[in-house]
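Student: Chain residues, written in single-letter form:
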Amino acid sequence: MRRRLLAWLARRPEAEAWALLGPGTLWMIVFFIVPVVVMCAYSFMPRGTYGGVDPGFTLEAYARFLHPVYLVILERTFVIAVLTTAFCVLAGYPVAYAITRSGKWRTLLLFLVVLPFWTSFLVRTFAMIFLMRDTGLVNSWLMGLGIIKQPIEMLYTPFAVFAGLVYGYLPFLILPVYASLEKIDPSLLEAAEVLGAKPAARFWRVTLPLSGPGLVAGSLLVFIPALGSFLTSDLLGGAKGLLVGNLIQNQFSTARNWPFGSAASLILMTLVLVAALLYLRVGRERE
Amino acid sequence: MPRWLVAFTAIVLFLMHLPVLVLVAFSFNASKFSVNWTGFTLHWYQRLLEREDILAALRASLIVGVSATVIATAFGTLIALALARHRFRGRTLYEGLIYVPIVTPEIVTGISLLILFVFLRVPLGLGTIVIAHVAFSISFVVVVVLSRLAGMDETLEEAAMTLGADEITAFWKITVPLLWPGIISAALLTFILSFDDFVITSFVAGSGSSTLPLIIYSMVRRNVEPSINAISTVIVIGTSILLYVAEKLTRESA
Amino acid sequence: MADPVVELKGVSKSFNGTQAVRDVSFAIERGEFFSMLGPSGCGKTTTLRLIAGFETPDADGGQVRLMGAVVNDQRPYERRLAMVFQNYALFPHLTVERNVAFGLEQRKTPKNEIGDRVRNALTLVRLDPGTFARRNPSQLSGGQRQRVALARALVLEPTILLLDEPLGAIDLQLRKEMQLELKSLNKQLGTTFIYVTHDQEEALTMSDRIAVMSNGRVAQLGTPAEIYENPRTGFVAKFIGESNFLDGRVLNPSGGLWDVQWGDTTFRVPSANGVQPGRTIRIAVRPEWLDLVRPGHVPPGENALCGSVRDVIYLGETMHVVVSLPGGTDMTVALRNEGQLINPLPWRRGDEAVVAWKPEDCQILEDE
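Chains as they are written, first to last, in the numbering used here: chain A, 1 to 287; chain B, 288 to 541; chain C, 542 to 909.
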């Protein structure tokens with residue numbers, strides 16, 4: 001009996017493929033694609049009196065977004081995301097490079113990077129709070145040493161958000177960069193050496209370009225979550241609704257403006273997809 | 288390797304771990320508010336066991352984690368198999384789309400699911416949490432399992448077929464045993480993602496149910512006390528163990 | 542007369558519009574060592590896979606018959622044949638003995654029987670069961686793995702054994718040994734061996750018959766001697782051994798033979814299909830069929846083309862002399878070394894030389 005089913009399937013390789021893809025794809029369509037479509041629809045509908053939406057079509061959610069207040073938020077989010085990415089690259093690339101050269105320490109060092117990567121983001125963000133608050137470790141330590149008399153207000157500032165984001169996403173950059181540095185064929189560097197290139201030149205002209213794909217991937221893995229970040233600014237930034245993520249969340253809790261929240265989400269998602277596509281194109285050109 | 292690079296790396300790695308190390312250390316501090324060390328104690332850990340809400344949330348997180356992991360791993364593995372072994376129309380498009388959930392910001396996924404559930408008048412609770420977790424985990428399982436499948440020899444199944452095994456037997460006796468470490472690895476990592484998820488869960492949990500991250504968040508917001516350090520430490524240790532096991536599995540069969 | 546054990550009738554197979562196998566027909570006898578030989582992309586592996594059942598012929602693409610029965614729609618596990626793969630395909634998670642036992646377990650062979658048969662199979666391929674049975678494939682060398690793959694196939698006592706370039710990844714010395722072992726297993730067991738390779742020396746060494754394939758078709762089918770001595774097309778003449786090619790226009794008959802115009806001179810060929818006045822023909826002459834003589838010393842009755850020596854290549858067993866002929870053609874002559882070829886070398890660059898051969902020592906090629 002099952003032989004007959006198998007024989008039937010063997011003659012239709014596409015049917016076999018879709019039998020495997022079926023359940024998962026269905027789930028994704030219903031619980032990922034459909035929600036986004038509905039959200040898209042909501043963004044064009046008028047705001048409901050008690051939250052939610054009323055039937056109709058309007059562009060007022062998008063129009064609202066063009067207010068300077070909200071554009072400032074968008075700009076601020078973008079700037080912080082760019083700064084975070086840049087800083088992660090500066091701090092993370094050398095570390096990835098060092099790990100490739102670390103010989104017997106490699107497994108340990110990798111584990112030291114992989115562990116924060118997987119540790120609960122919430123826990124790590126709380127750890128930052130613990131360090132940075134007025135009664136936190138850094139302030140107590142500085143005051144104890146007599147360096148300052150009053151606690152420095154580190155928490156609830158844009159700086160705190162920036163620090164939290166870098167701390168949170170640094171491992172996301174190190175791992176892809178490490179992976180692509182790892183793959184570089186050592187004989188290429190030897191060839192460059194034979195042709196007279198000194199260590200610095202070898203790095204800038206061989207290693208760095210060849211690690212391009214990893215750098216692109218890592219930057220994306222930092223930039224995109226930073227752009228859409230919510231938790232970090234919520235806990236470390238204070239109640240000011242600093243970034244786009246907070247703005248969106250707000251629309252679905254206190255502000256009760258679902259169409260506006262949906263519109264903002266779609267704008268965010270578009271920005272993310274554009275960033276991803278741009279990065280990938282740059283990445284592919286370099287290859 | 289240049290000296291400055293060693294120092295730089297050491298500093299960066301130290302800073303990457305410092306906050307959590309401090310957190311763990313102070314979970315044993317007798318003092319409730321200040322950062323002065325007043326004595327070693329396990330009091331805060333005991334507190335965890337006394338708090339029903341935390342235990343209930345832990346239970347919920349475990350239930351959701353296991354359920355979402357099982358479903359996502361099953362679906363994701365099947366998809367990976369299809370992508371690795373079959374040619375079909377729309378394949379390149381599918382491969383691209385699989386990555387979209389991974390790059391979508393959590394807030395967008397969370398919001399859109401909330402909207403869907405409200406629109407369909409589905410009551411929010413553990414069920415909707417599981418649904419959401421499966422939705423964002425499938426892509427991830429596909430990526431992990433696919434990379435393992437890519438390294439696998441296709442002719443092994445063919446050899447089995449020449450020895451009398453049909454497709455299904457060949458799958459169970461040859462492919463699955465070889466793929467198993469990769470599947471378990473993907474499952475463990477999916478569990479970690481589900482267990483630790485805050486943003487998406489906060490939107491689809493509704494008022495009745497709470498998972499561990501949700502409880503921790505409200506504790507951080509309202510009343511900070513070293514119990515948070517204690518539960519965080521438990522989470523960190525648990526994650527390390529699961530990671531270690533996952534790593535061992537991938538290494539063994541490489 | 543028994544049914545041939547494998548028969549292909551007009552089999553065609555295409556992938557995405559490209560034809561990999563075109564109208565291939567042949568019949569393989571029981572116990573034969575049959576090889577399919579050709580360059581990459583010629584369709585030999587696809588043909589093997591059609592026999593195995595991994596591919597199905599196109600809708601109107603002929604029949605594959607095993608033991609007289611049409612098996613086009615049968616899956617590989619329904620056909621009673623065994624296969625050895627190029628990369629061995631040993632199951633990495635099973636020991637050698639579980640690997641070899643796999644097919645027997647599939648057939649629900651009783652447990653006590655399995656042990657004995659596995660041991661015998663390993664001994665058959667010259668692996669000591671005591672040493673190797675419990676090992677894992679990763680602990681074996683390439684040659685050992687191939688033997689295990691062979692044992693795994695032979696333990697089933699198949700009527701037909703398919704081999705897909707099994708010796709490709711093995712070094713030269715061991716490869717030659719294994720070629721002889723395979724040949725002897727074929728004779729000893731009476732199993733029909735169907736072998737795919739791109740190495741013509743290998744095919745010539747082991748096969749009872751060879752199907753030389755090119756572009757999805759069988760260019761020529763015959764015994765090694767037939768294929769070597771009488772290649773039918775230019776492709777076969779070039780792929781197997783070495784050949785010199787000459788194109789000429791047929792003129793008139795002359796004493797049982799035909800004159801053919803070549804450049805400013807003529808040579809003679811025997812009668813054959815395609816040899817008609819006015820037609821252009823192409824002949825192949827193998828280097829060892831040629832004589833190299835000084836001008837004026839041409840043996841009577843032989844064809845002669847005059848030129849000068851361009852290159853002398855000393856190869857130990859033979860010496861190849863490349864002679865430049867007027868019109869830009871080169872011909873290579875192979876001289877056997879019987880001790881007379883050295884001190885001093887009989888031919889040097891620039892020497893005037895005449896390439897000569899008996900008219901019947903050539904092969905008139907068919908159009909491709």
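Hint data in this document are derived by calculation from the structure and do not stem from the laboratory. One should not assume that every hint holds.
[What the hints assert, rightly or not] Result set (DMTMM-like, lysine to aspartate or glutamate): computed pairs, CA atoms no more than 20 Å apart in a straight line: (1) C:Lys550 with C:Asp614; (2) A:Lys104 with B:Glu534; (3) B:Lys460 with C:Asp614; (4) B:Lys460 with C:Glu573; (5) B:Lys319 with A:Asp134.
[Unchecked claim] Here are the computed distance ranges between Cβ atoms for each label pair: (6) C:Ala600 with A:Ala19: 22 to 30 Å; (7) A:Thr107 with C:Gly671: 48 to 56 Å; (8) A:Pro209 with C:Gly857: 45 to 53 Å; (9) B:Arg334 with A:Thr107: 31 to 39 Å; (10) B:Ala312 with A:Leu208: 56 to 64 Å; (11) B:Leu292 with C:Pro633: 38 to 46 Å; (12) C:Arg621 with A:Gly22: 29 to 37 Å.
[To be verified] Coverage of chain B stretches by chain C, computed from C-beta distances (three or more under 8 Å per stretch; other residues unrestricted): (13) 325-333; (14) 441-453.
Predicted model, so just to flag it, every value in this text is computed and none were measured. Every residue gets a Cβ at the ideal spot worked out from N, C-alpha and C, and that includes glycine.
Student: It remains to establish, for every hint, whether it holds in the given structure.
Tutor: Cross-check of the supplied hints:
no. : hint                               : in the structure
1   : C:Lys550 with C:Asp614             : 15 Å, holds
2   : A:Lys104 with B:Glu534             : 17 Å, holds
3   : B:Lys460 with C:Asp614             : 24 Å, violated
4   : B:Lys460 with C:Glu573             : 34 Å, violated
5   : B:Lys319 with A:Asp134             : 15 Å, holds
6   : C:Ala600 with A:Ala19: 22 to 30 Å  : 24 Å, holds
7   : A:Thr107 with C:Gly671: 48 to 56 Å : 38 Å, violated
8   : A:Pro209 with C:Gly857: 45 to 53 Å : 50 Å, holds
9   : B:Arg334 with A:Thr107: 31 to 39 Å : 37 Å, holds
10  : B:Ala312 with A:Leu208: 56 to 64 Å : 39 Å, violated
11  : B:Leu292 with C:Pro633: 38 to 46 Å : 40 Å, holds
12  : C:Arg621 with A:Gly22: 29 to 37 Å  : 35 Å, holds
13  : 325-333                            : violated (count 0)
14  : 441-453                            : holds (count 11)
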